[in-house]
Amino acid sequence: MTDVLLLGEPMGLFSATGYGSLKEAMTFNKSVAGAEINVGIGLSRLGHQVEYITKLGKDPIGEFIFEALQKEAIGTNFVTFDEDHNTGLMLKNKVKNDDPDTAYYRKSSAFSTLSKKDVENIDFNNIKVLHVTGIPPALSPSVREAVEYLMQKAKKAGTFITFDPNLRPALWESTQKMLEVLNALAKYADVVLPGISEGETLVGSSDVEAIAQFYKKNGADVVITKSGSQGAYVTEKSKETINVSGFKVEKVIDTVGAGDGFAVGILHAYLEGLNWKEAATYANAIGSLQVQHAGDNEGLPTKEVLNQYVEQNKK
Numbered sequence: 001m002t003d004v005l006l007l008g009e010p011m012g013l014f015s016a017t018g019y020g021s022l023k024e025a026m027t028f029n030k031s032v033a034g035a036e037i038n039v040g041i042g043l044s045r046l047g048h049q050v051e052y053i054t055k056l057g058k059d060p061i062g063e064f065i066f067e068a069l070q071k072e073a074i075g076t077n078f079v080t081f082d083e084d085h086n087t088g089l090m091l092k093n094k095v096k097n098d099d100p101d102t103a104y105y106r107k108s109s110a111f112s113t114l115s116k117k118d119v120e121n122i123d124f125n126n127i128k129v130l131h132v133t134g135i136p137p138a139l140s141p142s143v144r145e146a147v148e149y150l151m152q153k154a155k156k157a158g159t160f161i162t163f164d165p166n167l168r169p170a171l172w173e174s175t176q177k178m179l180e181v182l183n184a185l186a187k188y189a190d191v192v193l194p195g196i197s198e199g200e201t202l203v204g205s206s207d208v209e210a211i212a213q214f215y216k217k218n219g220a221d222v223v224i225t226k227s228g229s230q231g232a233y234v235t236e237k238s239k240e241t242i243n244v245s246g247f248k249v250e251k252v253i254d255t256v257g258a259g260d261g262f263a264v265g266i267l268h269a270y271l272e273g274l275n276w277k278e279a280a281t282y283a284n285a286i287g288s289l290q291v292q293h294a295g296d297n298e299g300l301p302t303k304e305v306l307n308q309y310v311e312q313n314k315k
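So that you can map any letter, position 138 of the sequence shown is 138 in the UniProt record's numbering, and since no number is skipped, the others follow by simple counting.
These aren't lab readings, by the way, just hints derived from the structure by calculation.
All C-beta atoms in this analysis are idealised placements derived from N, C-alpha and C, irrespective of residue type, glycine included.
Heads up, a few of these hints could be off.
Okay, the calculated beta carbon distance ranges per label pair [claimed, not checked]: (1) GLU24 / SER245: 38 to 46 Å; (2) THR302 / SER205: 35 to 43 Å; (3) LYS156 / TYR19: 47 to 55 Å.
No more than 27 Å apart at the CA atoms, straight line, and that leaves these computed lysine-lysine pairs for DSS-like [what the hints assert, rightly or not]: (4) LYS155 / LYS239; (5) LYS187 / LYS216; (6) LYS116 / LYS177; (7) LYS107 / LYS30; (8) LYS107 / LYS58; (9) LYS96 / LYS239; (10) LYS153 / LYS237; (11) LYS58 / LYS30; (12) LYS71 / LYS58; (13) LYS117 / LYS128; (14) LYS155 / LYS71; (15) LYS239 / LYS128; (16) LYS153 / LYS177; (17) LYS277 / LYS239; (18) LYS216 / LYS239; (19) LYS116 / LYS239; (20) LYS314 / LYS251; (21) LYS248 / LYS94; (22) LYS177 / LYS155; (23) LYS177 / LYS187; (24) LYS216 / LYS237; (25) LYS277 / LYS217; (26) LYS314 / LYS277; (27) LYS71 / LYS303; (28) LYS153 / LYS128; (29) LYS156 / LYS217; (30) LYS155 / LYS187; (31) LYS117 / LYS155; (32) LYS248 / LYS303; (33) LYS30 / LYS71.
Can you build the whole structure from these sequences, using the hints too?
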């Protein structure tokens, strides 16, 4: 039985080893990056069975990513290779303060050719949760169609669906198209995970109640709104919204991957049978651990580390 099914584009990440701009950087460390692969790594480290739908180029970066998936114990049953398109990659510089600069090379990547036919044979009878983010639908019309088909099929099968809008305006042809597609996809989700700043774009308001009410009317049973260092707000149907405080972080190293870590906490708690307040606590904890590390997924904990961190930081 698969605990969580993910779909996304993993990229080769080249992180500069010395401080300075990307133009000046001469040496890099190689790793993997991408919202969904971060979620997969986080869940696997917590002991969950994960399968990952993706398409890689038949190239050294694609082969490196495939091996990385195997090393992290992420299922590769739905990974395919494309000999005509390259695997996406990104560069990241090293900074002493604030978030690093990044440069993406993913246009016309192998993953952007993924289509409905690549996901038609997936059987949801053996899958507990489908987790989707708003990034894949931005990458091409064929991926967009595949994502919607997958969510429709999961919904019909009664599979639990979580949706993280994860806005990337630069990847979309227009803001209007982004809003139209993502809010339509959110209708299939049982749980929606927007950020407060994303709410301003998606629903025209940064008010927690307005964001929650929009997605509840849109079909969600639970809306968990992220608020960075302030924690998260949990809104369930027929219940008042509650704030779940964040964890104190002395020094933020890199915020990349914090939102993915948050999603890991929500999914982990759901699979463990915990309530949504507890889920938000675990989500806040993993997010705070991640921002204390450089890299996209280096701070994602094992179950032992997570439980110890939560226990030590109880308020």
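27 Å limit on alpha-carbon distance, applied to hinted pair LYS187 and LYS216:
Within the cut-off at roughly 9 Å; holds.
Do the alpha carbons of LYS116 and LYS177 lie within 27 Å of each other, as the hint requires?
holds (20 Å)
Keeping to a limit of 27 Å between CA atoms, is the pair of LYS248 and LYS94 held or broken?
holds (24 Å)
Taking only the CA atoms, is the gap from LYS155 to LYS239 under or equal to 27 Å?
holds (24 Å)
For the pair we were handed, LYS216 and LYS239, check the Cα-Cα distance against 27 Å.
holds (12 Å)
Hinted pair, alpha-carbon criterion (27 Å max): LYS153, LYS177. Please report holds or violated.
holds (23 Å)
Would you check the hint for LYS177 and LYS187, treating anything up to 27 Å between C-alpha atoms as holding?
It holds: about 16 Å lies between the C-alpha atoms, which stays within 27 Å.
With the threshold set at 27 Å, check whether the alpha-carbon distance from LYS248 to LYS303 stays at or below it.
The hint holds at about 20 Å.
Would you say the C-beta atoms of GLU24 and SER245 sit inside 38 to 46 Å of each other?
Given range 38 to 46 Å: holds, Cβ gap about 41 Å.
Within 27 Å, alpha carbon to alpha carbon, are LYS314 and LYS277?
OK: LYS314 and LYS277 at ~14 Å, within 27 Å.
Would the hint linking LYS58 and LYS30 be met if the CA-CA limit is 27 Å?
holds (18 Å)
Can the restraint linking LYS156 and LYS217 be considered satisfied, given a maximum Cα separation of 27 Å?
holds (20 Å)
Hints 9, 14, 19, counting from the list given before, are not met by this structure.
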